[in-house]
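Chemist: Same order as they appear, the protein sequences are chains C and U. Residues in the first sequence are numbered consecutively from 39, following my numbering. Residues in the second sequence are numbered consecutively from 39, following my numbering.
The reader is advised that the hints may include incorrect statements.
[Unchecked claim] Not the full set, but computed from the structure, chain U residues with beta-carbon under 7 Å of chain C:
id	residue
1	130
2	134
3	137
4	141
5	145
6	148
7	156
8	157
9	159
10	318
11	323
[Said to hold, decoys possible] Restraint ranges, calculated between C-beta atoms of paired labels, are given here:
id	chain 1	residue 1	chain 2	residue 2	range
12	U	326	C	301	19 to 27 Å
13	C	139	U	283	20 to 28 Å
14	U	283	C	211	47 to 55 Å
Hints are computed from structural coordinates only; laboratory data are not their basis. Here a beta-carbon is modelled for each residue, glycine too, at the ideal position from N, C-alpha and C.
Protein chains: 2
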Amino acid sequence: MLYLIGLGLGDVKDITVKGVEVIRRCSRVYLESYTSVLPGGLEALERFHGRPLIPADRETVEQHADEILRGADTADVALLVAGDPLGATTHGDLVLRAARAGVPHRVLHNASILTAVGCCGLQLYAFGETASVPFWTDGWRPESFYGRIARNRAAGLHTLCLLDIQVKEQSAEDMMAARKVFQPPRFMSVAQAAQQLLEIVASRRVGKKGKEPMRGKGEEPGGEGEEPALTEDTVCVGLARVGADDQRVVTATLKQLASCDLGAPLHSLIVTGRLHPLEVDMLRLSAVPDALIGLRMADSSTYTS
Amino acid sequence: MLYLIGLGLGDVKDITVKGVEVIRRCSRVYLESYTSVLPGGLEALERFHGRPLIPADRETVEQHADEILRGADTADVALLVAGDPLGATTHGDLVLRAARAGVPHRVLHNASILTAVGCCGLQLYAFGETASVPFWTDGWRPESFYGRIARNRAAGLHTLCLLDIQVKEQSAEDMMAARKVFQPPRFMSVAQAAQQLLEIVASRRVGKKGKEPMRGKGEEPGGEGEEPALTEDTVCVGLARVGADDQRVVTATLKQLASCDLGAPLHSLIVTGRLHPLEVDMLRLSAVPDALIGLRMADSSTYTS
Numbered sequence: 039m040l041y042l043i044g045l046g047l048g049d050v051k052d053i054t055v056k057g058v059e060v061i062r063r064c065s066r067v068y069l070e071s072y073t074s075v076l077p078g079g080l081e082a083l084e085r086f087h088g089r090p091l092i093p094a095d096r097e098t099v100e101q102h103a104d105e106i107l108r109g110a111d112t113a114d115v116a117l118l119v120a121g122d123p124l125g126a127t128t129h130g131d132l133v134l135r136a137a138r139a140g141v142p143h144r145v146l147h148n149a150s151i152l153t154a155v156g157c158c159g160l161q162l163y164a165f166g167e168t169a170s171v172p173f174w175t176d177g178w179r180p181e182s183f184y185g186r187i188a189r190n191r192a193a194g195l196h197t198l199c200l201l202d203i204q205v206k207e208q209s210a211e212d213m214m215a216a217r218k219v220f221q222p223p224r225f226m227s228v229a230q231a232a233q234q235l236l237e238i239v240a241s242r243r244v245g246k247k248g249k250e251p252m253r254g255k256g257e258e259p260g261g262e263g264e265e266p267a268l269t270e271d272t273v274c275v276g277l278a279r280v281g282a283d284d285q286r287v288v289t290a291t292l293k294q295l296a297s298c299d300l301g302a303p304l305h306s307l308i309v310t311g312r313l314h315p316l317e318v319d320m321l322r323l324s325a326v327p328d329a330l331i332g333l334r335m336a337d338s339s340t341y342t343s
Numbered sequence: 039m040l041y042l043i044g045l046g047l048g049d050v051k052d053i054t055v056k057g058v059e060v061i062r063r064c065s066r067v068y069l070e071s072y073t074s075v076l077p078g079g080l081e082a083l084e085r086f087h088g089r090p091l092i093p094a095d096r097e098t099v100e101q102h103a104d105e106i107l108r109g110a111d112t113a114d115v116a117l118l119v120a121g122d123p124l125g126a127t128t129h130g131d132l133v134l135r136a137a138r139a140g141v142p143h144r145v146l147h148n149a150s151i152l153t154a155v156g157c158c159g160l161q162l163y164a165f166g167e168t169a170s171v172p173f174w175t176d177g178w179r180p181e182s183f184y185g186r187i188a189r190n191r192a193a194g195l196h197t198l199c200l201l202d203i204q205v206k207e208q209s210a211e212d213m214m215a216a217r218k219v220f221q222p223p224r225f226m227s228v229a230q231a232a233q234q235l236l237e238i239v240a241s242r243r244v245g246k247k248g249k250e251p252m253r254g255k256g257e258e259p260g261g262e263g264e265e266p267a268l269t270e271d272t273v274c275v276g277l278a279r280v281g282a283d284d285q286r287v288v289t290a291t292l293k294q295l296a297s298c299d300l301g302a303p304l305h306s307l308i309v310t311g312r313l314h315p316l317e318v319d320m321l322r323l324s325a326v327p328d329a330l331i332g333l334r335m336a337d338s339s340t341y342t343s
């Protein structure tokens, strides 16, 4: 049996009792180490479970799945994943390979950032599609996450933005030279994500003022109407280390979040849509001064009472 | 401290190790018993944790929150909730009351049906807003969930439909007579939800054929265009007891699901949107014969390769 076991979000004790029991009886236990991370990493988990774990990077899971599945038709093998094991596409692929190899599988679910963001007080059913914000480079500044946020806001929905994680990434030079040298891990902060969003907001404002619009017609919803999809005063929520003892939740305007230091990773950012009065009351619990100015001014129409 | 502790989805062993430790040291532990349930209920949990639990129905949590919060500023009190504690609005309200009473709170997250549905192979980021399907009565047949499914499908998104749970509900007669007599618990099945959807699909088809349209213009997106938002051949996924040992996942057309018995509760229904080829491959693992006919015929445009 192949077990996909979620580790939850906070620390080693956020695994389920069932998960602990399964890990105890597995022949081999892999730790997926590239879509998310737990504080303390592999060492903390090995101490807690009292057994060695095999680190599994992207290459192992995506290109050497056979290695993980070896013998799993007769013995038990587990892949541990921070959060819920099926939040990321890749592990669906592993399930498919297992099925094709005749290996039964079982998922032990756990908390995922996709639902744990409910801790900020926003209602989960009022979220639209999730967006991913990648690190920009000099030559690569994709803006598709802005389009998704704009579409969600046009429908009154909140957007959870998952922020880039780069673990065991190669530089372009090392990749072309086929050198197995890896960059230090990078985790995007709420401030960095807010800054990238502000730059998009500013560039579109310039585009509207000038004679030539910067983008083609109908390229993205929310970018063409009279009202901008979001402004520097749009109410956002920054979250850090959700589920951990030192979790932080800060409600602030987009502009305020761009200079807000929420500490160690992992971070997530929510751009709010239409707010229910109960949600506004909840957001006040984590709001910095003037955070909700946007509600009464630029975004007053989003506050339905 | 007020702890909101998620119990996860399967059975008593789906609680986290941290959750077990917190329950051990709490003065009082309540079990929320109306937004969801775990197999075995209160008795199974009391046996597992070796301590008495206090059942908390909707009235206790919503109208007698002070009772739950009593003494929680100096001692530890927990409210156990199946799934993740913040999936339902009501518990946000409890958090707010705690904050206003000066009682600190902490959430121990766990698996939620909102993310565990990833087990069927559909990608979580491709889900739109979640819909709720209520039991229809003779005089009350709301269709708002259809509108939500239609909007999601128009955007290519999947819809998770949470199916009605009626625990400790009074009949209209008993309520008017102020009699504290409660109906037996009812849990909507996938077949019942599919049947209600089929009735909406059929009534709109009749409405289009006749001279008089059945609904006002622009009442709901997806209902007015040339193509119906969904048909009896739309590919859906029925899920039962997600996370439990006897979990069932069945991919079938809407019509097929209407006569599909998935056994004991809880059930959920997914109406698919645009499908990625990897998602189609995953759905094949749980598909009944001819389930994917809809993809190649009525819905062929939804299969992007």
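Chemist: None of the hints should be skipped; say for each whether it holds.
Modeler: Here's how the hints hold up against the structure:
1. 130: 6 Å, holds
2. 134: 6 Å, holds
3. 137: 5 Å, holds
4. 141: Hint violated; residue 141 of chain U Cβ to chain C Cβ min 12 Å, cut 7 Å.
5. 145: 5 Å, holds
6. 148: 5 Å, holds
7. 156: Status holds, d = 3 Å.
8. 157: Holds: closest Cβ of chain C sits about 5 Å from residue 157 of chain U, inside 7 Å.
9. 159: 6 Å, holds
10. 318: 11 Å, violated
11. 323: 5 Å, holds
12. U/326 / C/301: 19 to 27 Å: For residue 301 of chain C against residue 326 of chain U, whose Cβ atoms are near 50 Å apart, the range 19 to 27 Å is violated.
13. C/139 / U/283: 20 to 28 Å: 23 Å, holds
14. U/283 / C/211: 47 to 55 Å: 51 Å, holds
In the structure shown, a violation is registered for the earlier hints numbered 4, 10 and 12, in ascending order.
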